[in-house]
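The lines below spell out each chain.
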Amino acid sequence: MAKMTLEELRKLRQQVQGDLQKRDIEGKDSRIIIGMGTCGIAAGAKETLDGFLSALDEKKITNISVTQTGCMGLCYVEPTVEVIVPNMPTVIYGKVDKETAKKIIEEHIGAGRLVTDHIYDRPAADIIKKDGGR
Amino acid sequence: MSTVNIKINGTPVEVAAGTSILHAARQAGYKIPTLCYHEDLVPFGSCGLCIVKQEGSTKILRACAATAFEGMSIITHDPELHEVRKTILEMILSTHPSSCLTCIRNGECELQDLAAEFGIREQPFEVRLSDRPVDTSSDSIVLDPEKCIKCGRCVQVCQDLQGVFALEFIGRGDDTIMAPAAMLQLEDSPCVRCGQCVVHCPVGAIYEKDEIATFRDAINDPDKQVVVQIAPSIRVGLSESFGLPAGTVTTKRIYAALRKLGAVAVHDTNFGADLTIMEEGSELLGRIAGGGPLPQFTSCCPAWVDYIEKYYPDLLDYVSSAKSPMQMVGAVQKTFYADRTKIDPAKMYTVAIMPCTAKKYETLRDESMYSSGHKDVDLVLTTREFARLIKSSGIDFLSLEEEESDNPLGEYSGAGTIFGATGGVMEAAVRTAYHVATGKELENVDVETVRGLEEIKKGTVDFDGTPVRVAVVHGLSHVAELLDEVREAKAKGEQAPYEFIEVMACRGGCIAGGGQPYGATDILRKERAAGLYADDKASEVRCSHHNESIIKLYDEFLEKPLSEKAHHLLHTTYETRSKYTN
Amino acid sequence: MAFRNYILVCGGTACESIKSDQIYKNLIKACEDHGIADEVQIVKTGCFGFCEQGPIVKVLPEDAFYVKVEPKDAEEIIAEHVIKGRQVERLLYDKSSSTRHARVEDIQFYQKQFRIVLRNCGFINPESIDEYIAREGYQGLERALFEMTSEDIIEELKNSGLRGRGGAGFPTWMKWNFTRQAKEDIKYVVCNADEGDPGAYMDRSTLEGDPHSVIEAMTICGKTIGAHKGYIYIRAEYPLAIDRLEIAMQQAREYGLLGKDILGSGFDFDIEIRLGAGAFVCGEETALLQSIEGKRGMPQPRPPFPAVKGLWGKPTVINNVETWANIPVIITRGATWFSKIGTSDSKGTKVFALTGKIRNSGLVEVPMGTTLRDIIFDIGGGIAGGKKFKAVQTGGPSGGVLTEEYLDTPIDFGSLVKAGSMMGSGGMIVMDEDDCIVDVAKFYLDFSVDESCGKCAPCRIGGKSLHRILEKITKGNGVIEDIATMEAIGEAMKKGSLCALGQTTPNPILSSLEHFKDEYLAHIEDKKCPSGTCKDLISYWILEDKCTGCTICARKCPVDAISGARKEIHVIDQAACTQCGVCYEMCRFDAIEIR
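Residue numbers (the numbering used here), protein chains in the order written: chain C, 3 to 136; chain P, 2 to 583; chain X, 210 to 804.
Just chain C, with the same shape it has in the complex:
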C-alpha cells in the first residue's frame, strides 16, 4: 500500500476496526490463535501448530484460520491457544500439545464440546476494549 496521509490512516483504522468488529459479532469462520512467543515456542508451540494443521488437513476442514499472537500472560501453561468458534464461548486452552490440539479439533471444533482440564482464564482484562478511548 502506498504511503499514507493522516486522513488515510484514520480511514484505515476505522475500516479495520469495523472489519474486526464484524468478524467478532457476525463471523462465520472459526479461528485458532496460538501463542508464538519464544516461551511458547520453547514449550512446543511449533509442534502444537503442526498438530492443528495436520488434524485440520485430515478432517478436510478448510474454513478455519490458524494464526499467531504474542505472550498471553499464561507462561506457566504454555503452549496456549485461543479458540474462537461462532456461537461458542471463546476460550483459552493451556498445555496444548499435539494430542490436545487434535482433541480440540475433534471435540471443540467438530462437536462443540469444550475440552476438559485445559481451559484457563486471561490473567487481565483487555484495556483497549474496556475503556475504549480517552
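Mixed in with the good hints, there may be bad ones.
[To be verified] Short, incomplete list of chain X residues facing chain P, as computed with Cβ under 10 Å:
{"no.": "1", "residue": "GLY475"}
{"no.": "2", "residue": "LYS664"}
{"no.": "3", "residue": "CYS668"}
[Unchecked claim] Here are some chain X residues the structure puts well away from chain C; computed CB gaps all over 12 Å:
{"no.": "4", "residue": "LYS321"}
{"no.": "5", "residue": "TYR447"}
{"no.": "6", "residue": "LYS684"}
{"no.": "7", "residue": "LYS737"}
{"no.": "8", "residue": "ILE781"}
{"no.": "9", "residue": "CYS786"}
[Claimed, not checked] Cross-link-like lysine to aspartate or glutamate pairs, in silico, EDC-like; alpha carbons within 20 Å at most:
{"no.": "10", "chain 1": "X", "residue 1": "LYS321", "chain 2": "X", "residue 2": "ASP617"}
{"no.": "11", "chain 1": "X", "residue 1": "LYS703", "chain 2": "P", "residue 2": "ASP318"}
{"no.": "12", "chain 1": "C", "residue 1": "LYS5", "chain 2": "X", "residue 2": "ASP477"}
{"no.": "13", "chain 1": "X", "residue 1": "LYS703", "chain 2": "P", "residue 2": "GLU91"}
{"no.": "14", "chain 1": "C", "residue 1": "LYS131", "chain 2": "X", "residue 2": "ASP272"}
These are calculated hints, taken from the structure and not from any lab test. The model shown is predicted, which means the values in this text are computed figures rather than measured ones. All residues carry an ideal CB built from backbone N, CA and C; glycine is no exception.
The hints should help you fit chains P and X onto chain C, whose structure is shown.
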C-alpha cells in the same frame, strides 16, 4: 570567559566553566589521588581513586571526569573516601608484583608513589599475577604483562592519540588484558614503535628495549672506536633527569659526559638536520618545478614512515626520499669522517642518543641503512637509557665543565636544533628553500605560524611571489585527515592544496618522544620546545645553508645536494608493509 | 451453538482440594435431573488463578463468575441460572453485573494484573500492522505530529509521572527535555533492548508480541526532541524479537509511518537495529552507546550524560523497551488516565518476570503499589509443591533478597530500596526452603563477575575477590573473617565502581548477609549447608532401616558409588559419591537422606 563558584572542602574557589573537579581542587590547593588519569587523554574512569563526594548527597563522582558547576560543594578527603581509595589501591597492588627493586621504573613509578602516599603496609588480598610471558619481539619496545595494572592508558594512547590500534583490550572481566589484537606479538602488530605507550604507562609494564649493556660492551671493546651523536631533543630533555627545570639546554655538558664515558668523537644530529634540509629542500624545489608528486611529506620520523608504509602504502611516492638526520650522520660518519680521521669504518661503532624508541628499529629498516658498507648507525640509546648510563657511570652531570663537539660533524645551525619541536623541520626547510628558490634571504627567519601545539597547523609562505602551502601535523591520529585529502585528490588526478607537509608521530614533536623522560604534558612540551627555540635564537648561524661545515661537506665530499653520492648515502626508499604479519 | 450453556468448573489444585470435583459431579447430576444433559456441557478447567475465592464456577455465554461455590449450590445454578435465566446473585463475584449481560471486560478485575505495556500481547498477530492500528495503534503518533507541540508532549509526560523502567527510574519527561533543549542539529533516539538480567524476559515478550508499540514511541520521541534517527539495540539472543521488529518496521515504512515525511507531516524518522554480542554490561547506557559506535562496550564516566553527549557525542535519549511501550498509550489517552494507576511517586504499571519456586510462573503486569504478597501468593499461586516460602530476590543481579516480613512491601521505586532490595528491570525470583541463600548469592556473583567488562579496578578485582571468598565458603573452607572482608570489598565496589554493574554486584551478598547471616555462619563455622544444596557440604546416606535392596539407586548411580546385592541393604561409597542427587530422586522408599 565564564566562571563558576564552587567549594572544595569548604574552601571557596572560582574556576573557569568546564573545569573538572580534579583541576578545580588543584586550584584550591588539594591534590586528589589519580592513577589512570592523564592530561593527554580523555578521562577514562577506570581506577576509581579520584572519587569525591558532594555535600548533602550520597552520590559519588569521579573528579577527573565530572565538571564543576555553580554552587557545587565537594569533599575530596574524608575517612570513608580514604578507606575506599585504600581498598582499591590494595586491590590493584594484589595484581602487581612487589619486585620494585629490580624494576626499570624503580624510583619513577606512579604506583610506587601512590603506595607510599597511602602508607600501604600490608597485602590483605591474595596476590594473583599474570603468567603471560614478556613480549620482546619488537626492536624497540618490551611488554611485561605481569606488571600491567589495566589502567587503559596505553590502549587509549595507541588508539585515540596515535590512531595505530596496535594495543587492544582483550578478554573481559578479570581476564582483561592489554595486548595486540589476536594476541599477536608486538612486532607482528601494526605497532610503529612510537613509544607513546611507554611514556604514558604509569608502571613498568611497557618499557624501551634497554641496550645500555651493549654500549658498555662497545666502549670496553679495545677494537671498537665509539662515536656518538645526540639528537636535538636530548639537549632539552636530559635536564629533567637531573633535576634541572624542563627545557634547560645542557648541550655542552652532554658532550663532556660522552667523552667521560669513553666516546672518541662527539657529533651532533643537528648537523644531520642541516644536511637533511639541504637534501630535502632541494628535492622539494625540484618537485615544485618538475610537477610533483606534491605535497612532499617529511621523512625524518621513523614511526611516521612505518605508519604510512602500513596504512597508506599507495601514497609512498609523496614521502621525501631523504633519510632522517640520524641516519645521514651515521652514513657520513662511516665514510667521510672515517676517511678524515683514518678510523677503520669496520671498527667505528656509531651510537645515537635519541628521544625516540622507533629509532632503534630505524637502524635496521632496510639495506639503505647500510649504505656506508657497514651498519650506518650501530646503536640507539633513548634519553632515559642515557640518563641511567650517566648515573651508573659515576659521572656527576651537574658539575661537568662544558666542552665542544668534534667537527665537522658537530657544527649546527639554529634551524637544525629546532627539528625537535613540531613545526621545527618545516621552519628550517622554509629558511633554506626560500633562499635556494629566490636567491634571497628571509628577512625574519622566525616562522611563527608553524610553531605551537595545535594539532594541524596550516599556512602559506610567500616565496617572493610564489605561494608555498604548508601543513604541520603531530600526533599520528591527525595525519589521516591530510592523507585522505591527498588520496582523494590523487584519485581525481589533482593535487591536494599543499606543497610540503611535516609529520611528527609524537604530540609536540620529538621533544615528547617515546624515549624522553616520563611525564610529558603539554606544559612540559612547551617548556622543552622553548629551550630549543632559545637555542636557535642564541645561535650565530640560523639557517642550514649557512652552516660552514655543511658547505664544506658538499665541497669536499658530496659535491651537491641530490648528487649520486648524496643519493646513495643520504636517501632511502619505501615499501608496502603489512599491518599484521604472521 | 452446540450447547446452550457451558459451565466451567475451576480444576486448579486449590479448588480441587475444596470440593470442586464434587461440584462438578453435582452439576452433571442436576442437569440430568432437569433433563438438559444434552444442552449443557460441564467442563473442568485449569486453574483460574483466583484461589482465595475458590471454588470457582463460570457459566458461559453470560460470563457469570461464581465464587466460593459449595457442592450444594449446583442445583440452584442449574435450576435458576441455566433454566430460568436468573443468575444466582449471592454467588456472583461482581454483584452489580447480574442486572446486565455481564462481559468479562466490565468485571472489575478479580485478577490483580493491569496490562498496559502488554496491552496488545496475546490479542494481536504481531506481524499484522492492521491489527495494531485497529487497537489505537499509531493514534499517539497522530496526536504527536499534528495536534501537539514538543512542549505539549513533554508536559503530558511530566503529568503522567512516567519514570524509566530499566531500573534507574529517572523521570522520562526530564530526560527527553534535556535532550530536546540541547542545541545540536543531530540527535538520536535509542531503545535499550539488551535485557540481560537472568530470568528476565519482559522486554522480549513485549517486542515479540507488540513490536509496533516501541516503533511508534520512538518516532514520537524523535518528533519531540528533534531527532531523525533511532537505534534499537537488541541482544542477539532474541532472534524472534529481531525478526518481528524488522517485519514491523518494514510494514510501517510501507504505510508511511516510518521514514520520510511521515503521514505527510514533513517529519523524517527512521530506525535501525543493532545487535548485541553477548555482554550484559552493554545494557548499561554508556556501554551500549559505545557498542553501537562499534567500540568495545565499556561504560564511560558520567557526566557527561547521554542527553547532552551520547551517541557519537550527540544528545541522545535512551530508554528501556518497557518505558517505550508506555508512551503511545500515554499520548493517546492522556496523562490523567495514566496517572490514576499506581502510587503517588510511581505511576503506571510494572511488568515482572515471576520465576523460581512459584506455581504460576510467568510475566505479570501490575499497578505500582501492588504488594509482594499479592504477586507471589495471589497472582503467582504461591509456592509450588507445598513448600515453605523462604525469600524473594528482586532486581536481578543488582538486587537483594527479601524475607517473609517484607512480603507486604508495595512494589514501587522507593519502597523496595528502603527494604534493602530494588525493583530493577523486573526480575522476581521466589525461593523456598530448599534453596541455599549462600548458593544463590554465589550464582549472582558468578554472573556479575563473568559479565564484568574489566575496565575499572574495583569491579574487576573486587568482584573476583568476592567470588573467591564465596567459593571458599560453599566448599567449607570459609573463616569468620571472610564476612568482614566481603563487607569491606563490597563498600569499595559500591563507591568506586564506574557503573551500576560493579556498584551493585555486592548487593546479593550484602542483603543476604543481613537477613540470613545464620546460613553463612552455618557454612563457615559448622561447615554445613542447611538446605542441602552446596555439594561440598552435603553427603548422601542410605538409611538401613528403610532400604529394601531394590537396586534402583545402584543402577542409576552415574559413578557406580553404590554397592549392594538384590534385597540387601545398599551402601554409598562417600569417597566416590559426587552428590549428584539421582539416587535421592529415584528411591521410592525414602531410604536416602541428605546430611
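Taking the hints in turn, this is what the structure says about them:
no., hint, in the structure
1, GLY475, "violated (35 Å)"
2, LYS664, "holds (5 Å)"
3, CYS668, "holds (8 Å)"
4, LYS321, "violated (8 Å)"
5, TYR447, "violated (8 Å)"
6, LYS684, "holds (34 Å)"
7, LYS737, "holds (34 Å)"
8, ILE781, "holds (36 Å)"
9, CYS786, "holds (33 Å)"
10, X:LYS321 to X:ASP617, "holds (15 Å)"
11, X:LYS703 to P:ASP318, "violated (56 Å)"
12, C:LYS5 to X:ASP477, "holds (13 Å)"
13, X:LYS703 to P:GLU91, "holds (16 Å)"
14, C:LYS131 to X:ASP272, "holds (16 Å)"
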